[in-house]
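Protein chains: 2
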Amino acid sequence: MVAKGVLGAPISDNMTAEDIALNMKEISVAEFFEKNRHLLGYENSSKAMLTIVKEGVDNSLDACEEAGVLPELKVTVKQLGIDRFRIIMEDNGPGVIESKMALAFGKMLFGSKFHRLKQSRGKQGLGIRGAILYAQLTTGKPAKIRTSTGDSKIHDFEMLIDTVRNEPKMTLHTVAPNKERWHGVVIELEIEGVYVERAQSVPEYLKRTAIANPYAHIIFNGPNGVQKFERTTSTLPKQPKEIKPHPYGIELGILIRMIATTRSQNIRSFLMGEFSRVGGSSADQILALAKLESGRKPATIANDEAERLHKSMQMVKLIAPPTDCISPMTEALIENGLKKELEADYYVAITRPPSVYRGNPFQVEVGLAYGGKLNPNAGAELYRFANKVPLLYHQSSCAITKAVEEVDWKRYGLGQPSGSMPVGPLVVLIHFASVWVPFTSEGKEAIAAYPEIIKDIKLGIQDAGRKLAGFVRSQRKSREGRMRRQLFERYIPVVAESLEKLTGKDHSAIEVKLDVMSKSGKVIIEEPAADVSAGQAKTAEPAEDEGGDE
Amino acid sequence: MVAKGVLGAPISDNMTAEDIALNMKEISVAEFFEKNRHLLGYENSSKAMLTIVKEGVDNSLDACEEAGVLPELKVTVKQLGIDRFRIIMEDNGPGVIESKMALAFGKMLFGSKFHRLKQSRGKQGLGIRGAILYAQLTTGKPAKIRTSTGDSKIHDFEMLIDTVRNEPKMTLHTVAPNKERWHGVVIELEIEGVYVERAQSVPEYLKRTAIANPYAHIIFNGPNGVQKFERTTSTLPKQPKEIKPHPYGIELGILIRMIATTRSQNIRSFLMGEFSRVGGSSADQILALAKLESGRKPATIANDEAERLHKSMQMVKLIAPPTDCISPMTEALIENGLKKELEADYYVAITRPPSVYRGNPFQVEVGLAYGGKLNPNAGAELYRFANKVPLLYHQSSCAITKAVEEVDWKRYGLGQPSGSMPVGPLVVLIHFASVWVPFTSEGKEAIAAYPEIIKDIKLGIQDAGRKLAGFVRSQRKSREGRMRRQLFERYIPVVAESLEKLTGKDHSAIEVKLDVMSKSGKVIIEEPAADVSAGQAKTAEPAEDEGGDE
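Chains as they are written, first to last, in the numbering used here: chain A, 1 to 550; chain L, 1 to 550.
The following block holds chain A by itself, in its conformation from the complex (with noise of 0.2 angstroms):
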């Protein structure tokens, strides 16, 4: 028997089985996020403000693109004291009905997205909770939101999250005629928050989300005026499909819950029904090798067998997962967002075809900008999104920036501290879009490094680097002629007086050609480029849109 140990504190400090039973209750999950909410992106209050915001629209998008309605939204942000905020956030989206509303906005853990393999920006129900969480933490005041359906009325209610509970708690509902058929959400919070214009903000949120989603309308109304994101498309991409679990992606346990749970009269019906890519002959392949009868009811396999079941599915061969449940931005409509947003001299985007991490469909876009008005001196800026959804922290411990910083951009032309950022007049865009992100937090900041991932956000940037490299060559090319050009120039006036000695012709007036030759670009000058001679300008081709010699 090992002995009471001999204890600086008095004994009778000591705790029982039975003592520390008594303690033991259960702790909501509201209250979880509640102390912890550094998890959800609430550490400090600049970048509460920034959370909310993110939360509201990532809603409001996924809410207006299930519904088919071309996004209209507008953000205000208004000064109410020194580090006191009103937020409003406000959408045409279809509207909550009214028996869901207090649950949509006031529990956590609650929602329609969690369930189902399709891409979308929200997943957890968690996000515009902790939003409403924080404003009751900091102010005490409850949330306004207004909603409607399109239908005839216009609700309006206040409400609290009651934490102990987890549940949400109304203390207002009024309602109104709605004669304009008026439908979405209008959410208000009061909050204690700090405003910045700086990288991580509200304004550059909103900017990188225009870019990625270009059919949205995005009014900011901020404390220093009102900034418009116009839509540049008014199509809707494509709505992503839901689809069913791949056998490749299933873990054990899963599927033993699954073979529970199951509705299917026997085990093959079961496999093709509720699998992604199983037919009839991949069933009879699977439960051939797993040594199971086809028509087995589920409830009767047992644990070892689902076991055998498990190792089969990843055995047989498979088509992959189909990716119609994966949203991309399209190479067109990147390029076209980082030309609206970057003044640059080249732009080039590449969506690569569809993969699959742990069963999970996922597609890489890349998008980069080169030259221009970008700074020349720094570390190439990264432009991180998943699910369309800009992130603007965590940037450091990210499969994105990982996957960049491990590419060899030397190749492409561009400098590169060893294992960091590329240097040079440079934008990286990446977007991952999966029906379920690996987010390393609730908070949705950075993607976690399967290796999956980063080894196709590299083939990715690879396939756009090796595009950039022909353009940042030319344009190279194109200035080392330039300044061989100007040297020519500059020789001119000898070459013509000597051309005067050769052919009696007037060396102002040779002067006059070489000079509109030289402009025009008709002068090619080859590399050593050392005597220059006019010889070597009648080799020249004319270019094709020259301004003439007349």
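Any copy, or any two copies together, can satisfy a pair, since identical chains are not distinguished.
Listed next, the in silico BS3-like pairs over lysine-lysine satisfying Cα-Cα at most 30 angstroms (straight line):
#1 Lys153 - Lys25
#2 Lys35 - Lys113
#3 Lys100 - Lys74
#4 Lys169 - Lys311
#5 Lys340 - Lys477
#6 Lys238 - Lys25
#7 Lys35 - Lys311
Bear in mind the hints are in silico, worked out from the structure with no lab data behind them.
All of these numbers come straight from a predicted model, not from anything done at the bench.
Fit chain L to the known structure of chain A by using the hints.
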């Protein structure tokens, strides 16, 4: 009215608010972490094994300390197949009573430590359930648990977690007589994993746990043999006490909830009874500032009055919160721990006075080990601890790392590439102890970068660094002295010959004497040391522990 969008997808894909509402449902917290298991530290198979052992060991140490029992822990890792392991974790703690057995292991967000302000390793009621969930996900096998509180019964049971309902599902329960009055918990899990012995490994975790908890006896029975971590003290640390929240750290939303649920008769007794460091006169000052009568019933306090109260609470001068809620490692035990595990030349440990962030008391400790067999050409090794738990992952995003890198180590005689870890034969141990450690994720691997925390860690390092600097200087001096002595010895024959000419004594006898003097350290040669002479040698003091010059 905004038109329905021109869609690429067929119009029937569009969902109405009713459709969306139909899909809304509650997400159980167990489902949430099942899908987000990387948040709990299960993103890959080798980390998973470490996380499981960590959760088990943390719980065991907490339980033993609460019950005043000297911890006897045994961790067994047995390889069953290529990537299949059995992990058994055993303690001699107080055990779990029968009515709470299932919940204590099978319900997430359930526990005794979340709601109290007192230092402990576990807090959230997630850890060990995450381990059980991971086992059932990867192998489908239930957890096997044995426990007794030291009464007449030993319980053996097997259980799974019903993730959809976040409830335990006991699949077996047998009771045996407990003749020896054994008490404790044994948990056995079968998992998919990878066993490693490098840095981020189970043995490394246990080694560091032993450093921070020298009163624990830990046996590790691993795939490559048995390793024992003996205790170096049989005295349990003074038990931390539970404290009440301090007015400076309370958030408005929490204050409002406390007011709503208090049993205090009036607002004055509420302030005095439910907060630390609020006596009668502080309460009166606060209430006067807030313009609230001290006799007001808490239930009658409106939200704007609560807000005034909250502001006033921040303005009145109060003593810092009590710090007996914190259990530091102590300077002596840190030094012992470092000495036991590392062969260095110099050790120093500093326990800082307690400090406060967001109203939460915390205390920083720093230990340094320098020289000896530590690698002089690598970056210093960093041992991070939070509430005596070693942190092995996410080093780069931890407040501790940030603080270490921000210190100017060159002052203490060490190399340091700008903004990086110092370079030299150095181990830096940092312990952060608090009633609430602000971890950056549920996996509890890094501390959030609160400025107050970083500042205090830096102060601790500077304290320890100044002491280290003295040693580094004297070590350099003695190395330089040694080099000079070697130089001197090379000239002994020349000097001896000169002395022979001067004194007439035989030069070989003089040579022997000079050599003995030099080797015994009697010759202290001062800085310039250009011309070595017998006169200088004469001024040398006899060394205390000299070998004698027979």
